Amino acid sequence: MAQKGFELIQGAFCCPICVDLLKDPVLTPCGHSYCKDCIKTHWDSETVEGTYSCPLCRQTFPTQPDLLNSIFLATLVEELRIGRDVPADHLYAGPDDLACDICTGRKLRAAHFCLVCLISFCRIHIRPHVESPAYKKHKLVEPSEKLRENICSHHNKLRMMFCRTDQQLICYLCSVEEHKGHVMVSAEAETTEKQKELDTGRKTLQERIEVLEEELKVLRAENEAVNRWADKTAEDVEEILTGMISDVKQKVRSEQEGQLSQLKELQEQVGQEITELKRRDAELKVLSHTEDHIRFLSAYTSLPGLAQATALRRPPGCFEGPEEEDEEDE
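Quick note on UniProt numbering: the sequence shown kicks off at 1 and runs consecutively.
It is worth saying that the hints were derived from the structure and are not from the lab. Heads up, a few of these hints could be off.
DEER-style ranges, computed between Cβ atoms [to be verified]:
hint	residue 1	residue 2	range
1	H138	C57	15 to 25 Å
2	E214	A234	47 to 57 Å
3	D44	K157	27 to 37 Å
4	R280	I245	46 to 56 Å
5	T51	I151	52 to 62 Å
6	D97	K136	53 to 63 Å
Computed from a predicted structure; not experimentally measured. Beta carbons are placed, not taken as given, at the ideal position from N, Cα and C, and that holds for glycine.
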């Protein structure tokens, strides 16, 4: 039921032309309300030149009538718009929100802060500041607790001046009382001066950063140079060692072939001697079975000395094999 009632009220404040909540509501001489842009667009599109009519009651006017602004109606429409677009609970100030200083009872959340009035306004109570020429010079900013912290605790005025003698923000009443005779400037002027110092300091820092970045580039280049030198040196050493190993291997193989050739020759000599000795042994075997003493003695005396044996000599530098370590006495 409450929702239906809200919809009925909302419908009463809709523009008959755009069928939406009034925006910048104005009143025609006949008493009907329209959006300012909607009614002007309607009159600009009138086909009969010099005739202006009300879209609702069709009352005509010989000249384009003056439109009346309704601050009260605009405030009501704004409240309806807020109630339509945002849940009601979200309109009120919470524990962490800055509340409107004008609201009584349950306070709405502040939407603006006036640097002249030094109070916070919700979206409804800010309307006079926006619409009335009397508040034209009042400066509105986003509400913040820090703004309240900038209010002088002695005089309840915004601290808009800076005392260079005491290096602190002060209000204009402080400047004529406890800070009288001190060097003072506006907070804006001091901010401008400090901003220049800040810019100079930043410029110095940036120049130092540029120098260090160049040094860093040099160090990185040297780092890469060291890596290239190390890689090249390692490659050269590896190449040298590979060549040396190849030469040693070649010498070992050459020595191997030479000694194997000599050993083969010795093997052939030994084989031939074994064959010869086996032949002689066979002859001696036959002789040993001879029963004819005369024949036996004649043959025996003609035989070469039995004690003669071929001495096996290895060629000079012949491979001796790895020396075995002497076993420790147990």
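Structure-based check of each hint:
Roughly 40 Å separates the CB atoms of H138 and C57, a value that falls outside the hinted 15 to 25 Å. The given range of 47 to 57 Å is broken by E214 and A234, whose C-beta atoms sit roughly 31 Å from each other. Evaluation of the 27 to 37 Å hint for D44 and K157 yields a failure: the beta carbon distance comes to about 49 Å. Checked against the hint of 46 to 56 Å, the pair R280 and I245 passes, with Cβ atoms roughly 52 Å apart.
For the pair T51 and I151, the supplied restraint of 52 to 62 Å holds, since their beta-carbon distance comes to about 58 Å. One distance hint, 53 to 63 Å for the beta-carbon pair D97 and K136, is violated here, with the actual separation near 28 Å.
Violation of the numbered hints given earlier is confined to hints 1, 2, 3, 6; the remaining hints are satisfied by the structure.
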